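Residue numbers (the working numbering), protein chains in the order written: chain R, 1 to 92; chain F, 1 to 247.
Take these hints with a grain of salt, some might be off.
Here are some of the chain R residues that sit facing chain F, going by a computed Cβ distance under 8 Å [claimed, not checked]: (1) I67; (2) S70; (3) A90.
Just so you have them, the derived chain R footprint on chain F, three or more residues with Cβ under 8 Å [as the list claims (entries may be wrong)]: (4) 65-72; (5) 153-165; (6) 176-189.
Since the hints were made in silico from the structure, they are not lab data. Owing to the predicted nature of the structure, the values given are computational and were not obtained by experimental measurement. Where is the CB? At the ideal position from N, CA and C, for every residue including glycine.
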Amino acid sequence: MQIQMNYFAQFRQAAGVSTSELVLEDQATVLQAISLAADRHGNAFRELILSESDQFQPCVILLVNGIPPSDGIKTILKDGDSVSLFTALAGG
Amino acid sequence: MTTLSDEEKAIYEWQMWLPQIGEEGQKKLKGASALVSRCGGLGGPVCYNLAAAGIGRLIIAHGGTLKPGDLNRQILMTHDGIGKPRIDSAARRLKDLNPRMEIVAVNENISSGNVERLVTQADIVFDCAPLFSERMLMNQECVRQRKPMIESAVFGLEAQVTTFIPGQTPCLSCLYPEAPPHWKRQFPVLAAVPAMAASIAALEGIKQIVGFGKSLAGTLLYFDGADISFQRIPIARRPDCAVCGKV
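Next up, chain R with everything else stripped away, as it sits in the complex (with noise of 0.2 Å):
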């Protein structure tokens, strides 16, 4: 299946690029669409949304299709879903 993967603020700044297409297996989670992205876009992007441990940063905005999941990086996208990033910002 193919979803699109959206970026915004720093994560825009770390892919370079402010949208994405993935082609992930049917059932694939949040978690593995992250995955790949961070394997796509290189560790300054990696390190905005893993942890070292590979945990999904908490200050991090999820959204799947406009609105956050209920079942945050475990959902399970469909085909044609679109996955949203966004960091946390401070600038004033």
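Once you have looked at the hints, place chain F on chain R.
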């Protein structure tokens, strides 16, 4: 009881024509006190909008001196203020616009040593600081004192604004249980973006003070200046939030 002078009625006539404000709303603004953390890219235009609207009292906390790199966005500053305390320029510029407004100018950033005292003086708080440590302090104190906090932030061409009402909405720690490890004090920014976010934040605060409209409580408004798009992201309280979970 707050009253409006003939001069004030003349100055605020065009906004009192708004049925949502009127003379009673204008009196509420005159009777209100707001704390703004920092008077930089966000805090400066927040202060300016509140001053223009006729808020009675502004408490502004910002330490340090003006640097050349501040001038691309800190619109309360002036070029001849380089090397001088920012808070002095902010107070002077705001007084030029609204000499009736009381300004409490604090030449300090928000810290554990002053946050309780400063939040106590305000009816509403505007969080415009560039560091999560300051934002988290403000958040904790606003929750403790049950004061609404208008949260705005920017990075590059992107911005976000929301309204936190203790006991009703998420707080900042619900949104970010931990300060992000990769946030840096210096960040890309273009003045038009924080000015836009600040205007929305000021409007949110005015709505809270006067009591009209639908607020951003429970919604994180996300702006992308690259394509002038907005997203409204629903945000929820965390029952286990260390700051507001028991409120």
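Going through the hints against the structure:
The interface hint given for I67 of chain R holds, since its Cβ lies 6 Å from the closest Cβ of chain F, which is under the 8 Å cut-off. Look at S70 of chain R: its Cβ only gets to about 10 Å from chain F, farther than 8 Å, so that hint breaks. Interface hint status for A90 of chain R: upheld, as the beta-carbon distance to the closest one in chain F is roughly 5 Å, under 8 Å. Residues of the segment 65-72 of chain F lying with their CB closer than 8 Å to a CB of chain R number 0, which falls below the three-residue condition for coverage.
A count of 7 residues in the segment 153-165 of chain F with a Cβ less than 8 Å from any Cβ of chain R is obtained; the coverage claim is therefore met, three being the minimum. As drawn, the segment 176-189 of chain F meets chain R at 11 residues by the rule of a beta-carbon pair under 8 Å; at three or more, the given contact holds.
Violated hints, listed in ascending order, are 2, 4; each of the other numbered hints is respected by the structure.
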